[in-house]
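Q: Sequence:
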Amino acid sequence: MSVLHSPTGQPLLGFFADGPGLGAPAILVVHEWWGLNAQIRGVASRLEAEGFQAFAVDLYQGTLAKDAVEAAALAQAMDARAALGKLHAAVEALLPRCGGALGVLGFCLGGAYALAAAAHNPQVKAAVAYYGIPSAALADVSRIGAKVLGHYASRDRHVSAERVDALERTLRAAGVRASLYRYPADHAFANEEGKGYSQEASALAWQRTLAFFHDELGGGRGAN
1 MSVLHSPTGQ PLLGFFADGP GLGAPAILVV HEWWGLNAQI RGVASRLEAE
51 GFQAFAVDLY QGTLAKDAVE AAALAQAMDA RAALGKLHAA VEALLPRCGG
101 ALGVLGFCLG GAYALAAAAH NPQVKAAVAY YGIPSAALAD VSRIGAKVLG
151 HYASRDRHVS AERVDALERT LRAAGVRASL YRYPADHAFA NEEGKGYSQE
201 ASALAWQRTL AFFHDELGGG RGAN
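Residue numbers (the working numbering): 1 to 224.
Careful, some of the hints might be misleading.
As the list claims (entries may be wrong) - Here are the simulated distance ranges between beta carbons:
(1) Val69 - Gly9: 37 to 45 Å
(2) Trp206 - Ser6: 26 to 34 Å
(3) Pro122 - Lys66: 33 to 41 Å
(4) Gly19 - Ser160: 36 to 44 Å
As the list claims (entries may be wrong) - Here are the simulated lysine to any residue pairs, SDA-like style, with alpha carbons at most 20 Å apart:
(5) Lys125 - Glu48
(6) Lys125 - Gly99
(7) Lys125 - Leu22
Don't read these hints as lab results, they were simulated from the structure. For every residue, glycine included, the Cβ atom is placed at its ideal position computed from N, Cα and C.
Please take these sequences and the hints and turn them into a complete structure.
A: Now the structure itself:
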């Protein structure tokens, strides 16, 4: 693991799995409301094994939630503008390393911020959101220029089917290229350490995610 530096030379807080090296496509990973924990580091390492540079940004400055109460408090206390600034800094740092082949991937809270990052940073080519939708105050998703892939759960008590349908309609009306999948699962079905984990749904969503990034960004061991 290396340290990712901003264009001004400042180290960015996060986990940088950069094994493929300069020139490989890059993916910015945004954590759930728990913070940058081992599970999210594992996601970055899995992307690295597929031939992507993967930077998992830390929006909580090193703090990790011990339970859902702490996670909710951390998410509520987080300054949205500052978080978007950290994502922008990471985008700017990754772009020269990957030749513009840049994607973003987020889960839950991070799923919302992944779509927001794509809306605020037109350099992003591909965006994947797992069970997260940004509020209108956080981002205007109709401004997304990237291609979008979404993974949502039919039994999600946090993100309703109506919200997913509304997101799909908004993206379609704006001409955003998007594919949103629904899975017979619960919220956070891709977090293997959580209560809602579904091996079947997680495996299918991950397969689709890797194929999407390889198709849109190129490179990687699984590229065609």
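Q: Run every hint past the structure and note whether it holds.
A: Quick rundown of the hints versus the structure:
1. Val69 - Gly9: 37 to 45 Å: Given a distance of about 38 Å, which is inside 37 to 45 Å, the answer is holds.
2. Trp206 - Ser6: 26 to 34 Å: For serine 6 against tryptophan 206, whose Cβ atoms are near 30 Å apart, the range 26 to 34 Å holds.
3. Pro122 - Lys66: 33 to 41 Å: Between proline 122 and lysine 66, where Cβ atoms are some 38 Å apart, the hint holds.
4. Gly19 - Ser160: 36 to 44 Å: 39 Å Cβ-Cβ, so the 36 to 44 Å window holds.
5. Lys125 - Glu48: 18 Å, holds
6. Lys125 - Gly99: 11 Å, holds
7. Lys125 - Leu22: Judged against 20 Å, a Cα distance of about 18 Å means the pair holds.
In this structure, none of the earlier numbered hints is contradicted; all agree with it.
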